[in-house]
Amino acid sequence: MDILTNWLGNMPGFAIPYALAALGLIVSERAGVLSLGAEGLMLVGALAGVGVQLTVHEPAIALLGSMLAAAMVSILFAVMVVWLRVNQVIAGLALVFFCQGLTGLLGSLMGWTNMPVTGLQNLDLGPLVQLALVGGLFRQNTLVYLTPCIFGLVVWYLNHSLSGLRLRAVGENPQAADAAGIPVLRTRFLAILAGSALVGLAGGYISVLSTKLWIAGMTGGRGWIAVGLVIFARWSPWRAFAGALLFGCIEALIPQMAAAGISLPQYFVLMTPYLVTLGVMVWVALAGKGRDQTPGALGEPFLREERR
Amino acid sequence: MADLPLQQTAPSPVPPRVPHVPWLSRRYALELRQQLGWSQQLVIFVMSVLVGLLISGAILVAAGVSPQDILNEFVVQTLTDPQNLRAVLFQAAPMVMVGLAAALAFRARFWNLGLEGQMVCGAIGATFVSLHEIGPPALRLWLMAVCALLAGLVWVVTPVVMKLRLGINEIISSLMLNYVAVNFLLHLLYGSWKDPKDAFPYSAKFQPFERLPDFLDGFSSAIVLSAVVAVAVWWLVDKSRAGLYLRFVHSNQRVADAVGVPVRRMVLGTVLLSGALAGLAGFMVAAGQEGRLTQAFYNGYGFSGILIAFLARNNPLAASAVAVLVATLFVAGRSLQVFYQIPFSMVQLIQAILVICVASSDFFIRHRLRAVGSKG
Amino acid sequence: MPNALALSHIHKSFDGFMALADAHFTARWGEVHALLGENGAGKSSLMNIAAGLYAPESGQLLVDDNPVQLGGPRDAARHHIGMVHQHFKLVQPFTVAENILLGQVPDNDDVRSYRQRLTDVRNAILTKSQELQFEIDPDQPVARLSVAAQQRVEILKVLLAGARILILDEPTAVLTDQEAARLLQTSQALARQGAAVILVTHKMADVQCYADRVTVMRGGRTVATINPGAVHEAELVRLAVGETLPPPLAVPPHPGAARLVLRAMRSSSHDGPPALNGIDLSVHAGEIYGLAGVGGNGQTELAQAVMGVLSLQSGTMELAGFGDLCTASTMQRRDMGIAAIPADRYGLALVGGLSVAENFGIGQVHSGRYGRSWWLNHRRMAKDAEAAVQTFDIKGVRSIRQKAALLSGGNAQKLVIAREFSRELRMVLVHSPSRGLDVRATAQVHERLRAARDAGAAVLLISEDLDEVLALSDRIGVIVRGKIVAEFGVPADRQAIGQAMVAHG
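Protein chains in written order, with numbering that gives the first Met the number 0: chain G, 0 to 307; chain P, 0 to 375; chain F, 0 to 504.
Please note that the accuracy of each hint is not assured.
Straight-line Cα separation of at most 27 Å, DSS-like style, residue types lysine-lysine; simulated pairs [stated by the list, open to error]:
id : chain 1 : residue 1 : chain 2 : residue 2
1  : P       : K204      : P       : K193
2  : P       : K238      : F       : K382
3  : F       : K382      : F       : K402
4  : P       : K238      : F       : K482
Computed Cβ-Cβ distance ranges for the label pairs, DEER-style [to be verified]:
id : chain 1 : residue 1 : chain 2 : residue 2 : range
5  : G       : G151      : F       : P140      : 21 to 29 Å
6  : G       : W282      : P       : V60       : 32 to 40 Å
7  : G       : F267      : P       : V223      : 32 to 40 Å
8  : F       : R368      : G       : V78       : 46 to 54 Å
9  : G       : T117      : P       : F338      : 57 to 65 Å
10 : G       : P264      : P       : F208      : 30 to 38 Å
11 : F       : R262      : G       : W282      : 36 to 44 Å
12 : F       : S112      : P       : L53       : 47 to 55 Å
It is worth saying that the hints were derived from the structure and are not from the lab. Yeah, the Cβ is synthetic: ideal placement off N, Cα and C, and Gly gets one too.
Could you put together the complete structure from these sequences and hints?
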């Protein structure tokens, strides 16, 4: 029983980075920009978070720093895909390796590697903590509680605001949006920045609040899994949230298995998130052979005057 | 009304004289270009590479390496010191292989990001043959190579079948398998395959006949192997019928299918070959440079392969040349690490900067700015 | 009375191709003004400039006699210019109301909530729709509306944005005769209310019946502006086309046995009725079977099914002597002597990024004509391609190695024909062969089709251009909603065919 409680209690900590990263990706992809750079942007957010925390010792500011750093690095990506019309897959890959190289270099040069930070205190949500089994879900740090609110905000924006309508139009049919007078390039640029800030926040969570230090490459493929998650969620934020919870459950299970005395080969257990991602993609492909909810113009650069 | 002649291709009449408008207050419109001359494309490409190198140089200087040292390490040492030259060529051999693997897959519009995983499987396959002493010593090395080929091929089967059958994006699937392969490698190296002689996570040393021999004094036969493979791939892509089919598949898969090209067969065959070459690269590193199965030998090859294919525009011969340059980068990067404490991530950063610069320069090849009247 | 819209001395080129050369156009308030010309004459380009989508290289634009500079579609909307394009600019998954809301620019002192805005737009749509008798439901997703209804949504969109200069680009191209008449009557009603309605079209009949004035363009230039009521249709044709071509020689056909037999062909569908809903037809050797119909009734799917690019849910497709084609790959169908000339040239027939020689040679590579699988004889391929360029009069080929994308519409079509017709043919499938072609190229293409028929092939001609179908066919079928609803022999009654096209199966 203890294991179950511990498992559920630890689950949000693993789920939140997936959720935030997926949400950030959804924002930019709904505007029609295929964003593969999540893995790199999470690393930038992670490093920036630790760096700021080590300097000012204030987690809230550190997390803001994560968001800002990721947004700034994403300007490079935004310029490439929106203005220079570079192939979005190449640009995404280049961004990931750029960030990996940059964070590895900076982390080492600034001496931030392996320096522990304090993180955030957990906030108990009143009497809910006393509940059996699920009590642990209500003893989390503030960002965990904020995440569903952030999701709600983004969903409201996309579906119930004029600006969100315009963003979705840009992603579905940029020619129509252009004819309606919507600034397609500017919208995409801002969507990339906003989405990347969220992805950076996910990275900041991992380094500042979860692991509480920085090591080069610490995201370990989570950014890529988030990309798969967005496809699995068919670009709907709440479905992505559900998927993130699922992955959180799986990752949180790993340490609990050892505690339960079940001995599995360590490295096979570590493979689980990646194999599950594969499985999930196969399942989506087999099951979802119906309506295609991909944003209509995802991945295509926009140019107004085109012939042939 | 006078009869105007029917025009097949429109002639260009003399436009009325436009009053001269200062450069900055002109409005510009962006247009797609149809075709740019070969030489102009080359100039733009070379310039973008130079810009990338300059930026990288600037970062190195900011990181504490003086410009003279940079020039020394990257240019002088590599070109003059024969020891260094041998190291570069040695490093180039597996680089050529992954470059070819990536280029082949790209020609079939398949993003093979699983190169590292395929290398790992290839090395595992070769080590398997060595540890279990399969085959007589005379054939052992060949068997290791073949097993590595097959292992790499097998590791790419899943992503390519998932794409062909279910339309699943191969970027994520091949990447996920990288992590799976690496974990499997660690499982073996920390477990049953650990060298009993000491506590480090690597396999027992390969026997002398299980290592790639030197071809000439100091020059590994790996170099010959990669040269042979490069020529074979070039022939496939340029001279064979499959090469023409691939050009159609690459340019427009839908038209290729409509016109009778066996698209699925081409994609499957090409991608499997790509995986096999990556597996062979793994064998080259394990049986060549390392001499055993180690835990981080594959680092950096994945993106290097993509970089090489991208810079070489998927051309096999150009890829070989670019691979040598990337190998130079690697070798210089290692000495930077040793002598200047610059982490190896610097190499990755330089590679990314080069890709960004070259990819961005494509913009100028494909588009044109046009002045249209004056600002209102 | 000032002119509503005036364009003068307009020049525009696309990457070296001169689309407009010193073009003029003037429209008055309260008139329906037709802009007439063949495909490629520059009509759409000129109107795109008026709508703010393209920027001219030189020239002047006057609205209500005031010179204006348009920086984009929003500027045009501010000057009360609205354009309904041939390819609708609608976001398919959105509702009608959402699409129209998209184009609205909120003023700074507009503090309505999103919900309030949406409601206001819905009410505006209902009011205007009633006024014009459009019958549009604002909450319907656009994807569920018929093509004619979507066009009405586009018109509502520009009207609600305050357009008083309305530009309709080839509006009747996708409509049945009935729907087209209704639309043109609406245009007249709007003109009577004081708006300036500009009809971009290549259909002479529309011009003669509904336009107050007509401006004729040809080759990027303005040729004439006249009152259509004052001239004969033949004169309009002469102005638009420049010369009259002699009618082709009529050779009586000798049809043979049935060669391609389609039975109960049904395509699969995700939602709604399938595009092909039980096709039954047969094409005989030595005949041209023309399939007429309004665009969007399954023609594309039928062409793709015969080509081998679309897989069917049920039904059979038999080629005499070869059995059921349904499982045959595209390569196998080519080997059987089936040639396909699809409507979407660069989507299904030619690869723009590859050379003319390669696009030509790919047809014969499989047969071994250019060497074995491990060594292709590129030189032979180049020579064959050069010969074909001569034989089929493909213009604009500076080098056999240049990219196919550089060919103009007519020459690209000739390249496809050259590739397909360079071998023995049993069956030819051709879809919209003269789309985008000028009169001379069209005549050459038609000649080739007749020659193929005379050589004994079975030709299935699918075309949305009734004139083309009537000119070429030995037998005519009409396709509506994925079924063949009527068949006619020649000479055929055009009215009867038109009525069959409108019948709802």
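Each hint, compared with the structure:
1. Only pairs whose Cα atoms come within 27 Å are accepted, and K204(P) paired with K193(P) is accepted, the gap being roughly 10 Å.
2. Distance check on the hinted pair: K238(P) and K382(F) sit about 17 Å apart at the alpha-carbon level, within 27 Å; holds.
3. Taking the CA atoms of K382(F) and K402(F), the gap is about 17 Å. The hint holds against a cut of 27 Å.
4. With a C-alpha separation of about 47 Å, the suggested pair K238(P) and K482(F) falls outside the 27 Å cut-off, and the hint is violated.
5. The hint said 21 to 29 Å for the Cβ distance between G151(G) and P140(F), and at roughly 25 Å that hint holds.
6. Look at W282(G) against V60(P): about 51 Å separates their beta carbons, and that is not inside 32 to 40 Å.
7. Checked against the hint of 32 to 40 Å, the pair F267(G) and V223(P) passes, with Cβ atoms roughly 39 Å apart.
8. Range check, R368(F) to V78(G): Cβ separation about 49 Å, and the 46 to 54 Å hint holds.
9. The beta-carbon spacing between T117(G) and F338(P), approximately 37 Å, falls outside the hinted interval of 57 to 65 Å.
10. Between P264(G) and F208(P) the Cβ separation comes to about 33 Å, which falls inside the hinted range of 30 to 38 Å.
11. Taking the beta carbon of each, R262(F) and W282(G) are about 38 Å apart, inside 36 to 44 Å as hinted.
12. Roughly 53 Å separates the CB atoms of S112(F) and L53(P), a value that falls within the hinted 47 to 55 Å.
Checked against the numbered hints listed earlier, the structure breaks hints 4, 6 and 9; every other hint is satisfied.
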